[in-house]
Amino acid sequence: MHEWALAEGVIKTAVEKAKESKMKSIDEIDLKIGEMQDIELDIFKFALDELMKEYGMKAKINIRIQKTKFKCNVCNYEWHFDEFELTEDEKEFVHFLPESIFSHARCPKCGSQYFEIVEGRGVWIEAIRGKK
Amino acid sequence: MHEWALAEGVIKTAVEKAKESKMKSIDEIDLKIGEMQDIELDIFKFALDELMKEYGMKAKINIRIQKTKFKCNVCNYEWHFDEFELTEDEKEFVHFLPESIFSHARCPKCGSQYFEIVEGRGVWIEAIRGKK
Amino acid sequence: MIDARLEIIEERLKRIKRIVAVSSGKGGVGKSMVSATMAMALSKKYKVGLLDLDFYGPSTHIIMNAGDKPAEKNGLIPPLVENIKFMSIIYFTEDKAAPLKGKDIINAIIELLAITIWDELDFLIIDMPPGMGEEVMAILKFMKEAEFIVVTTPSILSWETVKKLLLFLKNNRCKILGIVENMVMEHSIKNEIEKFGRYLGAIKFDASIEKFIGNANKIMESDFGKDVEKIAMKI
Amino acid sequence: MIDARLEIIEERLKRIKRIVAVSSGKGGVGKSMVSATMAMALSKKYKVGLLDLDFYGPSTHIIMNAGDKPAEKNGLIPPLVENIKFMSIIYFTEDKAAPLKGKDIINAIIELLAITIWDELDFLIIDMPPGMGEEVMAILKFMKEAEFIVVTTPSILSWETVKKLLLFLKNNRCKILGIVENMVMEHSIKNEIEKFGRYLGAIKFDASIEKFIGNANKIMESDFGKDVEKIAMKI
Ligand SMILES: Nc1ncnc2c1ncn2[C@@H]1O[C@H](COP(=O)(O)OP(=O)(O)O)[C@@H](O)[C@H]1O
Ligand SMILES: Nc1ncnc2c1ncn2[C@@H]1O[C@H](COP(=O)(O)OP(=O)(O)O)[C@@H](O)[C@H]1O
Ligand SMILES: [Mg+2]
Ligand SMILES: [Mg+2]
Ligand SMILES: [Mg+2]
Ligand SMILES: [Mg+2]
Ligand code: NI
Ligand code: NI
Ligand SMILES: [Zn+2]
Ligand SMILES: [Zn+2]
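Protein chains in written order, with the numbering used here: chain A, 437 to 568; chain B, 437 to 568; chain C, 71 to 305; chain D, 71 to 305.
In case anyone wonders, no lab produced these hints; they're calculated from the structure.
As a list, the in silico DSSO-like pairs of lysine-lysine whose alpha-carbon atoms are at most 27 Å apart:
(1) A/K505 x C/K173
(2) C/K211 x B/K507
(3) C/K211 x C/K240
(4) C/K233 x B/K545
(5) A/K527 x D/K233
(6) B/K568 x B/K468
(7) C/K214 x B/K505
(8) C/K173 x B/K507
(9) C/K281 x D/K260
(10) D/K281 x C/K274
(11) D/K115 x D/K139
(12) A/K458 x A/K448
(13) C/K245 x C/K117
(14) B/K489 x D/K143
(15) D/K274 x C/K274
(16) C/K173 x A/K448
(17) B/K545 x D/K166
(18) D/K166 x C/K265
(19) A/K545 x D/K245
(20) C/K173 x B/K503
(21) C/K288 x D/K260
(22) A/K545 x C/K166
(23) A/K567 x A/K453
(24) A/K494 x C/K143
Facing chain A, from chain C, some residues (calculated, C-beta under 7 Å):
(25) A74
(26) R75
(27) I78
(28) E142
(29) N144
(30) G145
(31) T163
(32) L170
(33) D174
Since we're looking at a predicted model, the values are computed, not measured.
We put the CB at the ideal spot given by N, CA and C, even for glycine.
Sequences are here, hints too, so could you generate the full structure?
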C-alpha cells in the first residue's frame with residue numbers, strides 16, 4: 437500500500453515537468469520501475485488513476501518493469517534478483533527500501549556483501565508527452 | 437616526482453594486460469590523464485622510458501590530458517579546474533590527491549562544497565596495441 | 071530520465087515546522103543519546119518526529135526501546151514511540167549489518183523521505199551518523215531549512231573533528247543552532263567552543279546513564295536527561 | 071579503459087608482512103587511540119607503518135603529534151613519526167574538512183595506496199573510520215590478507231553496532247584477530263563478547279589520558295598505554 441506514495445511522486449513530477457515545459461495537457465507518461473521495488477501493479481495503477489482525477493488529468497501511463505542487475509565487486513559475477521533466496525519478510529523489506537538488500541543478501545557466487553545494484557531500483561519517468 | 441609511482445602503474449598494468457591477451461610485444465599505449473593530477477609531463481615521460489627499459493620493452497606512448505569537469509549538486513553549475521582559485525600549496529595537494537579538492541574549493545557559483553568531479557582525475561589506459 | 075521520488079520529498083516535509091539535525095562529524099560523542107532525549111523532552115509540549123539516519127550504527131531505537139512497526143497507508147506511517155513519530159532503517163534491516171556504499175546511502179535516504187508520512191510536526195529531530203558524507207549532503211539538498219545542533223566532547227580528538235564540520239556547515243551556509251558539550255567531567259572547553267559559535271550548554275559525564283538506556287522515564291529523570299532538557303528549551 | 075593505479079597497489083603492499091585494521095563500526099570507542107598506541111608499542115620491536123583512513127575525523131596525527139611531511143621520491147615516502155612510517159589525509163587537506171562522498175573516498179584510498187612507498191614493514195596498522203562503508207570495502211578488495219581488530223566499549227550502544235560489523239566481517243570471510251573492550255569501568259561485557267570471538271583484552275577507562283594526547287612517551291607510560299601494550303603482544 438505504500439505504492440500510493442510512489443504514485444504521488446509520479447503524478448507530482450509529471451505535473452511539475454509539464455508546467456516547466458509549458459504543456460497544456462499530459463497525454464502519455466512512460467514509466468520505468470525497478471524490479472526491486474516489487475510494486476503491486478493493481479494498487480499502483482489504481483493510485484495513479486485516483487491521483488490523476490485529483491489533478492484533473494487523464495493520461496495513458498505505460499509501465500515497464502526494469503529487470504535487476506547486480507554485480508559483485510569482489511568476484512565480478514553478475515546476476516538477477518531471482519537468484520537471491522529471500523524470505524517473505526526480507527522481500528517486503530526490499531519492497532520498502534531496495535537498499536536493504538545489502539543486509540539480507542550476498543553474492544551468490546563468492547558470498548561477498550560488497551556488490552552493486554547496477555540497475556533495477558527506483559521509479560523513473562522516461563518520457564512525458566502532451567499538447568503545448 | 438611522485439610521477440614515477442604513477443608511471444609504474446601504467447607500465448605494470450600494460451605488461452599485465454598484454455600477458456592476459458597473449459601479446460608478444462607492446463607497440464603502442466594510449467593514455468588518458470586527468471588534468472587534476474597535474475602531471476609533470478617531462479618527468480612522467482622520463483619515468484615511463486626508464487621503466488620500459490627495465491621491462492625490456494619499447495612502446496610508443498600517446499598521452500592525452502583529459503580536461504576536468506565539475507558539477508555542483510546544489511545549483512547544477514558546471515565548470516573547469518581553472519575556475520578554482522587555488523594557492524600553490526593547494527595545487528600541490530590536489531596533484532598528490534585529487535580528492536583533496538573538496539577541502540580546498542567550493543562551487544564558484546553558489547559556494548557549496550557538495551559538488552562532483554565529473555571527469556578529470558586518474559590515470560587511464562585507453563588502449564594497448566601490439567603483436568600477438 | 072527523471073527520478074519520480076524527488077518531487078514528492080518537499081510535499082512530505084512541508085508540514086514540518088522545524089527540522090533539527092543533531093550532528094558532530096565525530097562518532098561516540100552522544101549524538102544518539104542527545105537526539106533521542108531531546109525528542110522526548112520536546113514531545114512533552116510539541117508534536118515531534120525522530121529520524122535515525124545512522125544506517126551503520128542505528129541507536130535511537132535502543133535508547134527509546136522502540137517496538138511497533140510502521141503501518142502501510144498511502145506510504146509508511148511511522149509508529150509512535152514515547153509519543154514520537156519514529157523512523158529508522160532497523161525496520162528494514164532488523165539486527166543485520168547495513169553495508170551501504172555512498173550512492174546507496176543517498177538512494178536509501180531519498181526512498182525513506184519519499185515514502186514516510188510524517189504529517190504535521192513541530193519538530194523533526196534527525197540523529198546523524200558521524201562523518202561528513204552523503205547523509206550531510208542529503209540534508210543540504212533536501213532539507214535546506216534544517217538547523218544543525220553540533221555535539222562535541224571536551225576531548226581534543228573530538229573537537230578537532232567537530233571544528234571541521236562547523237567550518238563545512240558555515241561554508242555551505244547552513245543554519246547552526248549551536249554547540250553542545252557532552253560528557254563534561256572536570257575539564258570543559260566552553261571558552262574555546264564559544265569562539266566558534268553559540269554554546270548551547272554542557273551535559274555532565276553521567277556514568278549511570280548506561281543502565282537507563284531503553285527506559286525513557288529513567289533517562290528523563292537522570293542528570294543526563296535534565297541537562298538535555300535545559301538545552302532543548304533553548305532551541 | 072583501465073585504471074592504471076590498481077595494478078600497482080599489490081606491488082606497493084607486497085613487502086608488508088601483516089596488515090592490521092583497527093575497526094569497530096561504532097565511532098568514539100577509541101579506535102584511533104588504540105591504533106596509534108598499538109603502533110607505538112609494536113615499533114619497539116618491529117618495523118611499523120600507520121595509515122589513518124578516517125578522512126572525516128583523522129586523529130592519529132594529533133595523538134602522536136606528527137610534524138614532518140611526506141617526501142617525494144618515486145612516490146610519496148611517509149615521514150617517520152615516533153619511528154613509525156605515517157600516512158594521513160591531513161598531509162593534503164591540512165585542518166580543513168574533507169567532505170568526500172562515497173566514490174571519492176574509494177578513489178582517494180586507491181590514490182594513496184598507489185603512491186605511498188611503505189617499503190618493508192612487519193606491521194601496517196590501519197586506523198579505520200566508523201561505519202561499514204567504502205573504507206571497509208577497500209580493505210576487502212585491496213588487502214585481502216588484512217586482519218581485523220574490532221574495538222567496542224561495554225555500552226550496549228557500542229556493542230549492538232560492533233556485533234553488526236563482526237557479522238559483516240564473518241559473512242565476508244575476513245580474518246578477525248579479536249575484540250578489544252575499551253573504556254571499561256566497573257561494568258564489563260567480556261562474557262558476552264566471548265560468544266562472538268576472541269577477547270583480546272580490556273582497556274580501563276583512564277580519565278587522565280586526555281592530557282597525554284600528543285606525547286608519545288607519556289601515553290606509553292600511562293595505564294592506557296600499558297593495557298594496549300599487553301594487547302599488542304598478543305597479536
Ligand atoms: N553524558 C554522558 N555521560 C556518560 N556517557 C554518555 C553520555 N552521553 C553519551 N554517553 C555514552 O557514550 C556512548 C556514545 O553515545 P552515542 O549517543 O551512541 O554517541 P553517537 O551517537 O555520537 O555515536 C554511549 O555508550 C552512551 O551511552
Ligand atoms: N581507555 C580510555 N579511557 C578514557 N578515554 C578514552 C579511552 N580510550 C579513548 N578515550 C577517549 O575517547 C575518545 C574517542 O577516542 P578515539 O580514539 O578518538 O575513538 P575513535 O577513533 O573510535 O573515534 C577520545 O576523546 C579519547 O581520548
Ligand atoms: Mg520502495
Ligand atoms: Mg596524484
Ligand atoms: Mg549515534
Ligand atoms: Mg578515530
Ligand atoms: Ni507497498
Ligand atoms: Ni609529483
Ligand atoms: Zn562475488
Ligand atoms: Zn553550486
